[in-house]
Structures are given as C-alpha cells and as structure tokens.
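Chains as they are written, first to last, in this note's numbering: chain A, 1039 to 1460; chain B, 1039 to 1460.
Hints in this document: simulated from the structure, not taken from any laboratory. Be a bit skeptical, because a hint or two may be false.
Where chain A lies over chain B, by a calculated footprint (3+ residues, C-beta under 8 Å) [what the hints assert, rightly or not]:
no.	region
1	1125-1132
2	1171-1182
Partner residues aside, some chain A positions facing chain B, computed with beta carbon under 10 Å [stated by the list, open to error]:
no.	residue
3	A1175
4	S1179
5	I1427
Beta carbons are placed, not taken as given, at the ideal position from N, Cα and C, and that holds for glycine.
There are 2 protein chains.
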Amino acid sequence: MDKKLKLGIIGLGTVGQGVVKVLSPFDDIEIVGAAVKNLSKKRDVEIKCLTDNPFDLANNVDIDVIVEVAGGLGVYDVLKTAIKNKKHIVTANKELLARHGSELFDLARENDVIIMYEAAVAGGIPIIYPIKSSLSANSFSSVAGILNGTTNYILTKMEEDNLSYHDCLLKAQELGYAETDPTGDVEGYDAMYKIAILSNIAFNKRIDIDKIYREGISNISSLDMKLADEFGYKIKLIALSKKMNDLSGNECLDIRVHPMLVSKNKSLADIKNATNAVMLDGFPVGEVMFVGAGAGEFPTASSVVGDILTIKSEFNSNGEILPMTVCHHSDYANQINIEDTINCYYLRIKAANTPGTIGKIGLACGKYNINLSCILQKGVNDDRSATIIVITEECYEKDINLMIKDVEQTSEVRVLNRIRVM
Amino acid sequence: MDKKLKLGIIGLGTVGQGVVKVLSPFDDIEIVGAAVKNLSKKRDVEIKCLTDNPFDLANNVDIDVIVEVAGGLGVYDVLKTAIKNKKHIVTANKELLARHGSELFDLARENDVIIMYEAAVAGGIPIIYPIKSSLSANSFSSVAGILNGTTNYILTKMEEDNLSYHDCLLKAQELGYAETDPTGDVEGYDAMYKIAILSNIAFNKRIDIDKIYREGISNISSLDMKLADEFGYKIKLIALSKKMNDLSGNECLDIRVHPMLVSKNKSLADIKNATNAVMLDGFPVGEVMFVGAGAGEFPTASSVVGDILTIKSEFNSNGEILPMTVCHHSDYANQINIEDTINCYYLRIKAANTPGTIGKIGLACGKYNINLSCILQKGVNDDRSATIIVITEECYEKDINLMIKDVEQTSEVRVLNRIRVM
C-alpha cells in the first residue's frame, strides 16, 4: 500500500474549508492538523487537531506538506521554518510569492523541497503547471489577462446596467464579490501580484513588483464605457507583461496593470463578471487562452488539491522532487518604466466649444509625433462645452503626457480621462 | 552534466519538421534518427540518419523516446515494438490512440514506460496533462469542445460570408485547411477520435469509438445559419461527452459529435475559424475553457516538444516514470445510444401553406410529450410553401424521431433539417 501523504493546513477560511471538503474522498491523504487564528470559531469542517500557532505545524515531524491558504505576509516566517524542516509547500498566497517568492524558492532548492502555487493565480484555472510542463517548449512574447474577478464584475455591471462605478462597487460588496475595504482589488494590487508571478514563470526572470506600473478602475465612468462601446471597445482591467526592447535596444519586460479599451474582436473582451482569463502568446504555440473561475471556495480548492495530488503522485514513486517544479532562475528582469512604454490612447476631452479647439488638439498631437486614429465630437453639452473623444495610434507614454500637458495649458481644454488601448 | 535524451522520430511531414525545428535550441536532446516514407524527398530540416523502416528506430538501443508524428494506424506494430524495447512514446496520433489506446497503455504499463500525447487533442492547447495534474482533484460532469479546425473554419465562413457549405469547403481546400479528401474532418471522424481520448482521461474509462454517434456538417445550409442567427444561435460542430444516467438509472456516458446550435451567450459560440476550444465542467473547479490553435506545424510541435521536455525533466532526476502519466483504468464506459439521449432540437420544416399545418405540427409534438420553445413562420415561399422553424424543449432523441415520422406522414410537411441545440 502507498504511504499516506500527511498535511498541515494553515488557514481555515473559505478556501481552507473548501480544501478540506475536496480532500475528504482521498483516503491516502491525511490532514494531521490545521492552524487558525480563532480556535473557537464555528466552521463547516472538522479537523482533529487545531492550533493557533502555525509553527506547531511547521515543526511537526509527521507532516510532509504544508498547505498555506491563510494569505498575507504574516506566514512568511512559518513557511521558511517549514521549508527548513524539509516540508513541501502548497500555497495560494499571491502577495507572499510576488514579494518574497525568490527567497522562498531559493530556500526550497537548498532544502530539496518544492513549492506549488497553482491557486495563487487565476483560482481554478490551470496555468502555472501547464506553462512549466505542456508549454515548456515555448518562448513567450506576452502574457495578458483579466486576473481580478471583483473588478471585472464591477466593469461588467457598469457596462450592462449603465451604472456608476460606485453603485457597482456597492453591489459587488453586497454580493460578497468585493471586500469592505476593496483597495486590494479595485486599485489593481491583486492583479499586480498575479502578473508578477506569471511573468516570473513565463519569462524565467525575477520580478520587482515595486517597478510594476499599477492603476485601478475607480476613474472609469459609465460615460467612458458608452463611448468606448461606440468605437467598438469594452473597458477591462488588464494585467499585461510583454517582452520588448528598451530605448537602448536591450531586452526588457513591460509589466503593468491598468484599465484598457479592449477591441470587441479580442477574446478578452468577452470575459464577463467574475470570470478570469489568461492569454499567452509564444513560439511555437501561438496564442492560447485559459478561462475559468478566478476565485471562490471550490475553484481555488481545485488548484490547491491538484497541487497536493501532484506532489502525492511523485511522492509515492520515490520521494524525490518534481524537477519541473523547481525554480532555477536567479536573474532579475530588466523592467521598463511606464513612461517608456508604447500604447494607443483613448482621451476624453472637455473643451470650450470655440472655433479652433479641435485644431489645437491636432496641433499638439503633431508636435509630439502622435497620429490620431479617431476623433469625435458629438454635439455640444448643456454648459456649451464640447466632449471630444480622441483615439491615438501608438506613441510613447511620455509623449502623450507631454501632449496632454501642452494642450491643457490653454484654459479651454481638459483631458478628463486617458485610457490605454489594447 | 545531464545525460542527453535520445529521440527517434517517425514521420517528417509538417508536424515532424516543426518538431525538429523547435528542438534545435535544446542541446540536451539528440535526434538519433528519423523514419520517413520517401528517403529522397526534399525537406526543410536535416537529420543525420534517415531510414524508411521505422522498426530500425523501434529496435535501436540508443533511443530513449520514440516521437511518432506520422499518423494513421500503420504505426501500431512499430509502437508496440518500441514499447517492448522500453522506449517512452510521444505521439500525436489521435486515431491510433482512440482505436488501440487501451492495448498500448496496457503494454506501456507492463514495460514501465509512458505514452505522452498532448498533441493528439487540440494541437497546441495544453489539455491532456492539465487534466491529469492541476485538475486531478476534479470529478468531471462534461467535456465539450470545438475540436476540428477545418469544420470550424468552414462554418465560420458560411456564417460570415453567407456562402454555401460547398463553396466554403473549396475555399478551405485552397487554403490548405481541408484535405483533398475531406471526409475525416467534415464527417466528424477527427473530432470523434479526440473526444474519445478526452472522455478516456476525464472520466477514467475506456471508450468504444464504434459506439460514438457521429454526424458531419455537410447538411448545414446557409439558410440554417441565418435562421439560427435570428434565434440567437451559431452553428458549430460540437464534440460532447457527458455523464448521465441511462433509462435504468445506471451511470453512463453520452458521447457524440454532431453540429449544434450554440447560444451566442456561450463562449463556444465565439470560437472562430480554425481555432479549437475545450470546455470542461467539473467539481470543484466549475467551468474552465482552453482556447488555441488546434493544428499546424508549430502549435502541434509545441505540444510534442512539451511532452518530450516533460519526459526529459523526469528522466534526469532518476530515470523513473512520471506516475501521473500512467493509465490505470481498465473498465469500459457504459456508453448510451443516441436514441436515448436528451436534447433540444431545431427543426427546419417545409410545409404546404394550408390552414391547419402549424396545428398538425403542434399536435404531433404533443403526442410525444415534446414541448415547443419557439415556432416561427416567416411569410410564404415563391412556390406557396411555408418555411417553419421549430425549436423544442428537451426531449428524447427517439421521441423527436417518432414525431418527425408522424408529421411527415401527411404529404404537406417535410422536415428539411434537424439540428440539436446546445
């Protein structure tokens, strides 16, 4: 008979309870104990040995694998202890991996254990392990995705029900899609951690998350949604990472999270509500897209338990580690500054409806070598001002910023919103 | 230094040459030789040792892995010989796996070697290995997909350019998307092999392909396309496999390939041209979809080389086999007959435009307990006949067949097309 794989679980919140439920039919896996903050809290699942000190698990010689589904940076030292005690790690902790992944992977390599983290990016969607296995022949040129379900839900509602950002945020909070303090989601932090992890494995480089440009969705108005729709776009919070050359011709990574106008012809435009999607572009595979639930008790448990079973399957055969799961790179990526990135831009401009205003905008664009792709003025507002929509061709971010500064020097013109176009 | 992994390649057609090109940067993998039909044919790639006898490779003691990208059933004995000689197999051969997979997997298990076949289903899309690894915690209820690029290209063209099936087939042949004899694609054989393989791994059962119901796309007219569009559907060739209970309450699999009306709200409706997509529904993951190129030199090579690298990565560590890739099931699925499946149906009916015709159709439906979801007659044709479109609610296939027989007994009514609805 196979040896039982013995787990210690850190965190028995929604995901932790999902993991325990999903594991119940697997007789060859035993939960030795779980660490929780509050020992007396009522839970859906029963664990024979609860502790409020996670180090009890990290130091327990009976445990083979630590399953960390608590989240946050507080578990860093616990995981280091567990790794030093030769325990494999399965974690869903995107923030910890994005901030301290390098140190943890180094430590894991030194201790001949592995860290699996399928659930850290895009919940139930298999993406981490497929990149490392089936897609391992590829050299990727870009990774782009809708990696945060909360913001995608809010943007979908804004678009479908023509509601304001704040009304949709409230609705998302009522339904439990958004937290009481929604900052981590709506300001793009969650998506930033995830794109850092994806960039790390797709491009085999260490990523400095402090260099990732990040912008949330709170500036998107339903007017922007409507205007984008007229031009054939939807507005999505896109996490993007692509290879490019910097101004000196050196290879670098352009990594960022911000709202984008996405052409309705692109598959990412069809991703609705809390669904996540990851689009990879590489050679030889071309474009592949993975779509599914990005969060939730059971989808996340699917990935966590998938990782546990993967370890289990290796564990039985010889106790050695899965070579594919070992992180071998130690170089930091050369990450480009947002000012040096190239984009098309949507600009929503409020201008005095006086002769020559459109001319001034056109001249300012010309001054910075920015070509226009579309320009539209639809009638005149009640206050006699005009709303003008401009969509540019590709230009440097620094040039669009200079152009905006320039055009706003005349008191009649204000750029009310600027959104990059995918 | 790691030991080199030594390959023998059977077949140097489009995919075989793609594999050789994609392998070129991998210094730790050596192509010992390749077997081809025609030794003197000009090729894009150079192989030091060519043979026209694939058994030379199967019997070559220097070779660790046989990469079979020739296709067809002719290589069956070669692969058996290779397996008996303890060689791992990487194959893209859907027909062989669908017809003789069980025997090959049994033989591989006896000989402690593995068979990898990511490229056999949906080309470059990672789907086989993700089901076996990241998604291994799941119990699947259904697998559905657009698994044949040729037919999806033809259906997309019919829809977008309002052309006939035959015009679009000719166009697909001109562009190299369809073969001179297109039967394998347009009659659904290719998709049938693939859904058999997917059913096998998703449901852990052996599949008898002779029990898979199969229907091609040659009966789809551009009129059906247009009418489906009016009701909010696209028409796609869908390969489907789902768990259900048969009439005696026993669990069985409903596996089939045929055209379906797919609601525009479903993601599969958005899959265009030669793109493939696989949709899995399971617990705990929910719905996940994988989209990408289903064929072609490089996408297919991505999967073949991914499999080779997966074997290589294990091979280095200890020479043991990947437990996850071993096939353990030996039971045949209980496959349901198409007559006993439950579907909604689209019927395009030609009827004499006489009083009572719609009433007769309605009565016949009532007789077999078939509820109508939509019924539409749009004016009268030039020959005074009427085109009536009916979409039913769910009913047994045998009942819709009886109803059609019944209604056609009156000379005024002919059911010109019947398409199942997804």
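Failing hints, ascending?
-> Going through the list in order, the structure violates hints 1, 4, 5 and respects the others.
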